[in-house]
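Visitor: Working from the sequences, and respecting the hints, build out all of it.
Residue numbers (the working numbering), protein chains in the order written: chain A, 1 to 209; chain B, 1 to 770.
Rather than coming from a laboratory, the hints here were simulated on the basis of the structure.
Do not take every clue at face value.
Label pairs and their in silico Cβ distance ranges [as the list claims (entries may be wrong)]:
(1) B:632 - A:43: 50 to 60 Å
(2) A:149 - B:448: 53 to 63 Å
(3) B:678 - A:5: 20 to 30 Å
(4) B:15 - A:142: 36 to 46 Å
(5) B:494 - A:1: 25 to 35 Å
(6) B:151 - A:1: 53 to 63 Å
(7) B:486 - A:5: 28 to 38 Å
(8) A:17 - B:253: 18 to 28 Å
Far from chain A by the CB rule (all over 12 Å, computed), these chain B residues [what the hints assert, rightly or not]:
(9) 51
(10) 414
(11) 517
Taking lysine-lysine pairs in the BS3-like style, the calculated list, with each CA pair at most 30 Å apart, reads [unchecked claim]:
(12) B:475 - B:486
(13) B:427 - A:11
(14) B:298 - A:11
(15) B:464 - B:427
(16) B:464 - B:475
(17) B:263 - A:11
(18) B:486 - B:735
(19) B:486 - B:535
(20) B:485 - B:723
Even for Gly, the Cβ is constructed at its ideal location relative to N, Cα and C.
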Amino acid sequence: MDPTREEQLVKRAAQGDPDALGDLLMELAPQLRARIEPGIGARYASLLSADDILQVTFLEAFLRFDRFDSRGPGATLAWLTRIAQNNLRDAIRGLDAAKRPSPAKRVTSGRASDESYDGLVQAIGATFSTPSVKAARHEAHRFLDEAIDELPEDYAHVIRAFDLEGHAAADIAATMGRSVGAIYMLRARAHESLREAMGGASRYFSLGG
Amino acid sequence: MAPNGESSQASTSDRDMIERARVQAKAAAQAQRRGLIGSLANVAASIPGYQVLGEAKRGGQGIVYKALQLSTKRQVAIKVLIDGATSSYAESARFEREVHVLAQLHHPHIVSVHDSGQTSGHFYCVMDYITGESLDDYVERIKPSVHDRLQLFAEVCEAVNAAHLLGVIHRDLKPSNIRVDEAGHPHILDFGLAKTTGDAFAESPSAMTMSGQFLGSLQWASPEQAEGGASRIDTRTDVYSLGVIAYHMLAGRFPYDVSGSMKQILNNIVDLEPTKLRSVDRSINPDVEAIVMKTLAKERERRYQTAGELARDVRRFLAGEAIEARGDSTAYVMRKMLRKHWPVFATAAAFVALVIGFGITMTVLRGVAVKQRQIAEAKTEEALATVDTFVNAIGSVRPEDGGDKDIPLRSALIELKDEAEDRLGDKPMPLARVHDMLGQSFESLAQLEPAEASYERALDLRLKALGEHDRETIKSMNVLAVFYKKNDRLDDAAPLFERVAAALPTLRRGGPRDQRDVAAIRINLARWYEARGDKTGAAASYRAAIEDLEGLNENEDLRARAFASGNLGGFLTSTGAYDEASERLRACVDALTEYRGEGHPETAIAQVKLAHLLVKQDRIGEAEQLYRQAIDVLTTKMGPGHPATLATRSHLYELTIKRDGYAAGRSIIEDMVAQARTTLGESHADTVLYIGKLGMCQAHMGEDDLARPNLELACERLRQIRKDPCHPDCIRFTKELAAVCERMGDAAGAAAQNAVLEQCDDQADSAVRP
Chain A
1 MDPTREEQLV KRAAQGDPDA LGDLLMELAP QLRARIEPGI GARYASLLSA
51 DDILQVTFLE AFLRFDRFDS RGPGATLAWL TRIAQNNLRD AIRGLDAAKR
101 PSPAKRVTSG RASDESYDGL VQAIGATFST PSVKAARHEA HRFLDEAIDE
151 LPEDYAHVIR AFDLEGHAAA DIAATMGRSV GAIYMLRARA HESLREAMGG
201 ASRYFSLGG
Chain B
1 MAPNGESSQA STSDRDMIER ARVQAKAAAQ AQRRGLIGSL ANVAASIPGY
51 QVLGEAKRGG QGIVYKALQL STKRQVAIKV LIDGATSSYA ESARFEREVH
101 VLAQLHHPHI VSVHDSGQTS GHFYCVMDYI TGESLDDYVE RIKPSVHDRL
151 QLFAEVCEAV NAAHLLGVIH RDLKPSNIRV DEAGHPHILD FGLAKTTGDA
201 FAESPSAMTM SGQFLGSLQW ASPEQAEGGA SRIDTRTDVY SLGVIAYHML
251 AGRFPYDVSG SMKQILNNIV DLEPTKLRSV DRSINPDVEA IVMKTLAKER
301 ERRYQTAGEL ARDVRRFLAG EAIEARGDST AYVMRKMLRK HWPVFATAAA
351 FVALVIGFGI TMTVLRGVAV KQRQIAEAKT EEALATVDTF VNAIGSVRPE
401 DGGDKDIPLR SALIELKDEA EDRLGDKPMP LARVHDMLGQ SFESLAQLEP
451 AEASYERALD LRLKALGEHD RETIKSMNVL AVFYKKNDRL DDAAPLFERV
501 AAALPTLRRG GPRDQRDVAA IRINLARWYE ARGDKTGAAA SYRAAIEDLE
551 GLNENEDLRA RAFASGNLGG FLTSTGAYDE ASERLRACVD ALTEYRGEGH
601 PETAIAQVKL AHLLVKQDRI GEAEQLYRQA IDVLTTKMGP GHPATLATRS
651 HLYELTIKRD GYAAGRSIIE DMVAQARTTL GESHADTVLY IGKLGMCQAH
701 MGEDDLARPN LELACERLRQ IRKDPCHPDC IRFTKELAAV CERMGDAAGA
751 AAQNAVLEQC DDQADSAVRP
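Guide: Written as structure tokens, this is what we have:
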């Protein structure tokens, strides 16, 4: 990509122009795809495509561009590559883990329960910090719901369907028109976004523990 | 999108995916905002003793609600801070202390704080609720006379001064933080960014938050805020913002362009002189202009020192009295420089007054020695003879001597150039000398464009007046050639060096001055030969230069001989003649230590050359010590981004990775790249070289995704700069890039780089075969 054009688009995107970021992604998409495709390999080709990874990478780019610190020509592609590689890694990790499921892990009731909320809280690495855990539980669940509502649509859907309602990844994939690998990838990103939201809401949660 | 579906790529284009991502991200941002606002409204409603009536104002720090204090039935404003903004211990301590200070600050034009606390993790404070409108809305609606505007402004200044007297600096003064009540009196709000003097918690490293946002309101910020100099923020910072407010009240616009990117605005605040008020509106009284311009001085010491001083001067004007701001004229820059560099300017000031004429009055020259005063009174021809004195004097104001790289010096040089062109336009020789000096001075300040323009102008003047073969013309050519070479513009340098070499034998070598000139040219030619790989020519030129200088014992001759010896030593190091190299280099270091002192950059550079030799001799510990000493001196005297400082750090980096591995050198090279990008610019050869080195470092640390763009950039740019894809640096980076591509599974990318390497191999083969 021409360094001058990249610089101009990055500058405009940093000023909050979503069209500029869209153009930037459009121009870098072929290179990004070329970098990601070899990493999928034959083993996962039936469960994951480069487009799955690109879709989530684009969403992350829009969500996180304000944190991107461009250090010159080529930096945008490097940044996107890093996001895409993380997404790929998360998808593969999820697919591998699904092959050896823990019997205690899933409650497949199809309805969110206190346990499933607690499981989600545990999964994102948050802990209750209010003095009375029990008293705060209901309020915390409400707060968790609010935080999920503030996530991008795909993230919110995957968290609700997978973590709270206990549907299988393959079923969620079918309803969303995505691959199974994409669901694991979306879930990892959704957890990360939720973790950040929870970290900011310090009156309910503290991270760690 | 499903991998085995009907061609995901055909059904879903990149554009569709990007659009989908964009829509989802936008919806999420809106939901977050709604969630935050709802959360803050709940917090406000939960504060006991108040009934929230509605939202009054939203800002970066939080939301202000209009509320009723139930016990007194009076209207108040409750400001609730956004969670996170005050979550750290330091921040919360600062907030509490600030509220405590403001609670004691009773002034009719400052909003009082009645109550404060923390609820549900959010800080809040309860303040007076002021009916009325913001200062800019008020001025826009009422359109008061200049007199009334100044009256209002004086009240604002007095209120700010009351805060200053309690040690509170506002730091975010702007019209929207000043409300004008129905009686037309101002009330200052929002001490949210206020800092108390001596406030340890407020000494954040810069005006930028960790998330990179500017703390405060950009357009009204002072140069020290724009530069991120938190430690330099004091009452005069508020004085500056008051100046912007006054300017805006009077002219209806900002003193400089505040459109464009944040970076551009910050640059304008730091660099651009405010447009004169009277050039916007001729009807404004010159005294008012003087007051406002003094308030907007870039340097804090030139402004009113307190908001009280500013208020008093405004009051003086309103009372028809003489103001204090008058007299800060164009002579200021030179006066300041005279004070700062007095020994240097003692002789130059007289010349400046007489020939260049900066408008310096004899008041400025008070105290100049009798000898200089005589010069000042001399006739024009004699004054012109002092051009050399002046040139030498001002030319010696170099960063390495005084550690001054400040903007006033640069501005003064630009002003001097314009004045010199005007006044010496018909005197090419003195004008050329002035341009020699300007070129050196600009170059010392890393202002390469004006430096080049001055060197070129000097050569042009001499070519026209003296012709190609005059000694002065050849020296001028040599200076410009060296400048090009230093800046890696070898194509520009080559023809000039050739002309210099051709003319050298025709030069007369009578007295010591000729010998010195010829020696200096020889040294530069030798370095040119060295750069071209002509070892024989280089060694011969160095030795001839040393011979030229034999028998000359002026200080400058000793220095020049030390340089020649140092350069020859450096060159001998590269050829493997270590014994003679050691002898020459140690002689050079000793001579410069004696002549310049240990802490001088010239001595430091000689030490660097000696360190290179020590590395070759595998005496790593001694070399490292010398590099570190030199880096300390160069950083202090030349600045961290100076090419010499960076080059020396680069040597230390190479030594570090060789001894301790890439991880140990990582932070050094990262910092160097950032410095080089800032100071030298993205396309400078050194910057590109350091980017390439960073890429190598990342590749060796297994971070191929980070390494690749850096290596790609370095290869592409270096091939352009060196005009040779087979230059050793290019080959080094190309090899690494090929390996990275391969590891990343990009066979085509690797093949393209390997093709370049094969071509270079072929070239090398054909060069050695008969």
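Visitor: Is residue 414 of chain B truly not at the interface, in the sense that its beta carbon sits beyond 12 Å from all beta carbons of chain A?
Guide: holds (28 Å)
Visitor: Do the Cβ positions of residue 17 of chain A and residue 253 of chain B conform to the proposed distance bound of 18 to 28 Å?
Guide: holds (25 Å)
Visitor: Quick check on a hinted range of 28 to 38 Å for residue 486 of chain B and residue 5 of chain A, using CB atoms only.
Guide: Holds, at about 31 Å.
Visitor: Check whether the Cα positions of residue 485 of chain B and residue 723 of chain B lie no farther apart than 30 Å.
Guide: holds (14 Å)
Visitor: Could you grab the alpha-carbon distance between residue 486 of chain B and residue 535 of chain B and see if it respects the 30 Å cut-off?
Guide: Distance ~19 Å between residue 486 of chain B and residue 535 of chain B Cα, so the pair holds.
Visitor: Taken at face value, is the distance from the CA of residue 475 of chain B to the CA of residue 464 of chain B at most 30 Å?
Guide: Judged against 30 Å, a Cα distance of about 15 Å means the pair holds.
Visitor: Given the hinted pair residue 427 of chain B and residue 11 of chain A, is their Cα-Cα distance within 30 Å?
Guide: Distance ~48 Å between residue 427 of chain B and residue 11 of chain A Cα, so the pair is violated.
Visitor: Just to be careful, I want the Cα atoms of residue 298 of chain B and residue 11 of chain A compared with a cutoff of 30 Å; is the pair within it?
Guide: holds (27 Å)
Visitor: Starting from residue 475 of chain B, check that the Cα of residue 486 of chain B is at most 30 Å away, please.
Guide: holds (16 Å)
Visitor: Quick check for students: does the CB of residue 51 of chain B sit more than 12 Å from each CB in chain A?
Guide: Since the minimum Cβ distance to chain A is about 23 Å, residue 51 of chain B lies beyond 12 Å and the statement holds.
Visitor: Given a hint of 20 to 30 Å, does the C-beta separation of residue 678 of chain B and residue 5 of chain A actually sit inside it?
Guide: Roughly 22 Å apart at Cβ, these two residues keep to the hinted range, so it holds.
Visitor: For residue 464 of chain B and residue 427 of chain B, compute the direct alpha-carbon distance and say whether it is at most 30 Å.
Guide: holds (12 Å)
In the structure shown, a violation is registered for the earlier hint numbered 13 alone.
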